[in-house]
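A.B. asks: Each chain is listed here by its residues.
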Amino acid sequence: MTTAAAPAGVRGSPWPAFAARRLARFAVSVWAVLTAAFLMIHLVPGDPVRAALGMTAPAELVAAKRAELGLDDPLWVQYGHYVRNLLSGDFGTSMASGQPVAQVIGDRLPSTLQLAVLAFAVVVVVAVPVGVGFAVLTRGGRRRGAELGFTSVSVFLAAVPEFLIAVGLVALLAVGLGWFPVAGSDDPSAYVLPVAALAIGPAAVLSRMIRVELLSVLGADFVRTARAKRLPARLVYVRHALPNALTATLTLGGLMLTGMVAGTVLVENVFAWPGLGSTIVQSILQKDYPLVQGIVLVYGVGVLLVNLLVDVVLGLLDPRSAIREA
Amino acid sequence: MSALEFAGVSVRYGRLTAVDGVSLTVPSGQVVGLVGESGSGKSTLAKAAVGLAPVSAGRVLLDGTDVRRLPRRRPLQMVFQDPYSSLDPRMAIGESITEAMPRGTARGARRAEVARLLELVHLDPERAGMLPGQLSGGQRQRVALARALAGQPKVLIADEITSALDVSVQGAVLNLVRDVQRRLALSMLFISHNLAVVRYVSDIVAVMYLGRIVEAGPAEQVLTDPQHPYTRDLLASAPSTHRDLLADTDDPLADTEPADPHHPPAGCRYHPRCPIGPLVHTDRTLCTHADPAADAAHRPHRAACHFAA
Amino acid sequence: MARRGSAWAAAVRTPVGACSAVLLAGVVVLAVLAPLLWSDAAAAIDTDAIGQSPSGAHWFGTDALGRDLFFRTLVATRLSVGLAVLATAIGVGIGVVLGTLPSVLPRWAGRLLTAVVDIAVAFPGLLLALFFAVIFGVGTQGAVLAIAFAVAPAFARLVQTLSASVSGRDFVAAARISGVGRVRLLARHVLPNIGEPLVVNATIGAGSALLAFAGLSFLGIGVQAPDFDWGRLLREGLDGIYVNPVAALAPCCAVVLAGLAFNLVGETVAGVVGVRTRTSRRGAGPLPSVPPAVAAAPAGDAVLVVENLRVAFPGPGGWTVPVRGVSFSVRPGEAIGVVGESGSGKSLTALAVSRLIEAPGVVTADRLEFDGKPVDKAPDRELGTALAMVFQDPMTSFNPARRVGRQLAEVSEQHHGLSRRAAFARAVDRLAAVRVPAAARRARQYPHEFSGGMRQRAMIGMGLMGQPKLVIADEPTTALDVTVQRQVLRLLARTREAEGAAILLISHDIAVVSQTCERMLVMYAGRVVEDLPTGSPAQHPYTRALLATTVDLDTDRDEPLAVIPGRPPEPDQVPEGCAFAARCPLASDRCRTEDPVLEPAAEGHRVACWHPQVSVLSGQSHEEGAA
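Protein chains in written order, with the numbering used here: chain P, 703 to 1028; chain X, 4 to 312; chain S, 39 to 665.
Among these hints, one or two may not hold up.
Listed next, the stretches of chain S that the computed footprint assigns to chain X, with coverage defined by at least 3 CB atoms under 8 Å from CB atoms of chain X [claimed, not checked]:
| hint | region |
| --- | --- |
| 1 | 549 to 561 |
| 2 | 599 to 605 |
Pairwise CB distance ranges (calculated) [stated by the list, open to error]:
| hint | chain 1 | residue 1 | chain 2 | residue 2 | range |
| --- | --- | --- | --- | --- | --- |
| 3 | S | S77 | P | R723 | 29 to 39 Å |
| 4 | S | L143 | X | R235 | 27 to 37 Å |
| 5 | X | G107 | P | T853 | 54 to 64 Å |
| 6 | P | P718 | S | A460 | 48 to 58 Å |
| 7 | X | M133 | S | R630 | 23 to 33 Å |
| 8 | P | R723 | X | S59 | 20 to 30 Å |
| 9 | X | H292 | S | A478 | 27 to 37 Å |
The set of hints was computed from the structure by calculation and includes no laboratory data. Idealized CB from N, CA, C, for every residue including glycine.
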């Protein structure tokens, strides 16, 4: 029997079990990311040092660099070193610039975070009212024209990747009209285009999702119950429909946020934004593996943190989710 | 002509014990009806017999042989509750029936066999090429029965086969199942939450509560002279056009919570709801700690109750 | 296979589907032909025309080597689309293998694989692509593999979820019982049933891969010179954006158009394949009016008066009318049952009288009065306190995210003007009144912490927050076990006694109704066919048949069960004349042409039948005929 009755008696809070499970999963995932970043370098065909220093580099230099990086040790010894160094905050040294990787990341990470957080805020501020508004306007098959317009625009915007939106914005607003600078991050107006480029697509996705979720919640039995209580429409929406629609949307919101982390890579490259994204691309092209490894780790753990955060918030908002997990 | 025997069968899913030491025999050519509420483990017991649920203790025997030692195509077949889920939507019904036939059925013989089976369940053999989507719920349930019969089973298990159907269709399916069972002298385990339906079909009735059989015996006897208080509760609750449900006096235990299968009570599992148990007769503390299953075999209908009537 | 073909065809028939299909076809044709026709034009270096703006000679201008950008954009179609499709194909292949392996591998290996996929799937595709690009190296081949590996986890997950849902269905269990082996199970039952969503998702995936590939090439990680795809052209065009914005915008548009083509074709097919029950007003026209199906009966002091009630929904082929002229009245304190099979319109009748049918549904009635006032004009406060509703599924009928007590308290906060605290205290009191044990504690719990029976009690308690004159219970016990059903029905009866409320009980189970109510209305195909006191013998052949088919503890075990041949008509295909005529053993020609009106047959008894049966049962059939 799969449909066991809900627990009837008293039972302890499911939170400790939920938290323990979730944290364990986080730890395992972080370990997996660490290991993947480590293996990445060893999976590169040929000699990464030779590849990084170029074909013309003298053999002694290559050998010395290999020894310095510990690449001649057995794999598991290297792995041990790697993990120990990471724990002590040592991410290695950039092969191109000679700077410590941790320092490069420390310099570049704030710009990227600024961009991502601003864009996420814009997405939420725009998408929630728009999605809710169109859901209410078009419920029960009302206003087919508005629905068609909203759907086509949001589908289109959602399908265009952020770097193409970025190029379009640059061509139109920076080159064409000269309202904003083309590149750089020097003054506040320089933030407008990159943030817009990052936010437009996710905002379209999220508002569409909110509309769909809200419409489906409006058809749910418990909304009918709320209407049977003859609550005013405002309360039916605010108290009963919206919270349930938003919890359903939150999972997607998390995915979107991680997607925006990835989106910064491309957008930074369009706007020559001095963040992690432009750095990782340069270092991939320069085959600066220690730096690539460090940045991959930062992105990876960042994504895992976002997922953890989403699950915790979901657990707080939806009393069932903690139990479902356990 | 075969007997199916459950000998101390338990099924556990993690910490949940869905079926707990059930012993039950389906004698050759007879129909055993199994009733119980949702969560009582009756469907899990059926799944254990056909190998869809893990048997964690005890054995399921077919004519004395452990079913796990039988070949993959066991002579045990099952008809499921939901006719909309039990037929592959992309497979013609004839093909579904053919698939269940024993290996080695000659290619030429298969078509004739499909036609014979469809006729047996009162469907036009011309329909063999149809997809399930083109049939009504009642018709699908007939196809499901035909498919089960194609496996030439010695024992047939019917799991809530009419609960997804409207009343007007239910009768036709029940008539058919009963007719086929008698004609082929099949042994059958008939599972339902509806006591009236079980009574109509079965020779023997077994009542299940929280993973255990609490009473079992010949149908007429169990229904006219129930031994276990839970059986009496089920009988009193069954809707009937001839009795006034509200005429009975208010009983004080009517508002108790149903039991949680994840946390079965100690002693007799029914004691927190029992109208003749410790909640009513304060001296009957025996029920709260002693398991009445231990010497159920000596009581009439193997009733698992210390104070069986 | 027939269904799949028709789904794709149906998708193409929608306006969006047609546009995107044409677009996709155009992209494919261009990918095949452009390099054959214009390779030379695209590669021709013209040192006299370096970095030019668009002109008549060069529509999109020229690049840093004077090559024509219009032709370069066209020729790049093949590489851009081809590589994206190739990467998707490899990715889907890996995904299908990763997704199906766990069902074949030993358990520990399967779990490990699933865990790896679970972690990988949490990462955005582009990050995965960058990661794999490091491993496979910069260049076309590396980028194809990088994107393939980046999309693979998502497809592995999709295959896992889809096959898990198919494997959970009974037909797979049935095949296993028949001894069908794992491989054949996968090949014959699982894969065919997940093929369609997989192909749809792969189509959408190809669109995303196209965009991702453009991204990699744009970053300089993908296609390398002298080869060129749209991403590469964009990278080159962006450098000269002040001189010639078209150089950057043209590949942009190309990428977007091609990506959209894949996306939209996939989405439209997904929309057609998935169940979409959109109702459309188009073509429905005005709702036809009909003469009253019954002579109006004096209602007296009735708490509910319903005359010629009709509920209609617009459909693509016109109006569907599942409730076609229902008339009855409920006196104070009376318990009335409404019985009928699924699709008879009984639940819609309940929703319509309580003003809960929403657009696009339309409710019309000659008279629809609750407590002496028209329902459509009754103030919310009155309906909210005097009319209680109990719905079928107690699990879904409570808001899962609010505490039960608060959901009850809302009624008094809204309609009695009580404070939060006072309203909650009343909620606890009402929960105790419906015998929810430990009401004060349970009021603070969420609905999922209640059992089904307790939830249904709480639902009745919600109705008791006011002083109900009428309780409408729509299949209140269908989802419950029999012993709990009895408790809930008794609770309803006690409520009726204590509050003097009338009860309208909707049920498919004629035994439940006849045990609980004094009077029952039998509905068939959207009409009341008989209205009779529960004790008295039925006269309508349908009621008699329904009573005969009901199995109860007194059914004769030696006789076959009575059956009603055929099926009820679909709401949009109700025949002329009596709707039951096709299944009725007594039907005459008149029944097939003239619809009988619900007319008084005896004191408190109305029948809509040309041949009401006053004698003993007759004419039952034991066979369900071919429908």
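A.B. asks: Determine for every hint whether it applies to the structure shown.
C.D. replies: Outcome of the hint check:
1. 549 to 561: holds (count 5)
2. 599 to 605: holds (count 5)
3. S77/S <-> R723/P: 29 to 39 Å: Violated: the Cβ-Cβ distance is about 58 Å, outside 29 to 39 Å.
4. L143/S <-> R235/X: 27 to 37 Å: violated, 51 Å
5. G107/X <-> T853/P: 54 to 64 Å: Holds, at about 56 Å.
6. P718/P <-> A460/S: 48 to 58 Å: violated, 35 Å
7. M133/X <-> R630/S: 23 to 33 Å: holds, 29 Å
8. R723/P <-> S59/X: 20 to 30 Å: holds, 25 Å
9. H292/X <-> A478/S: 27 to 37 Å: holds, 31 Å
Consistency note: the structure conflicts with the earlier hints numbered 3, 4 and 6.
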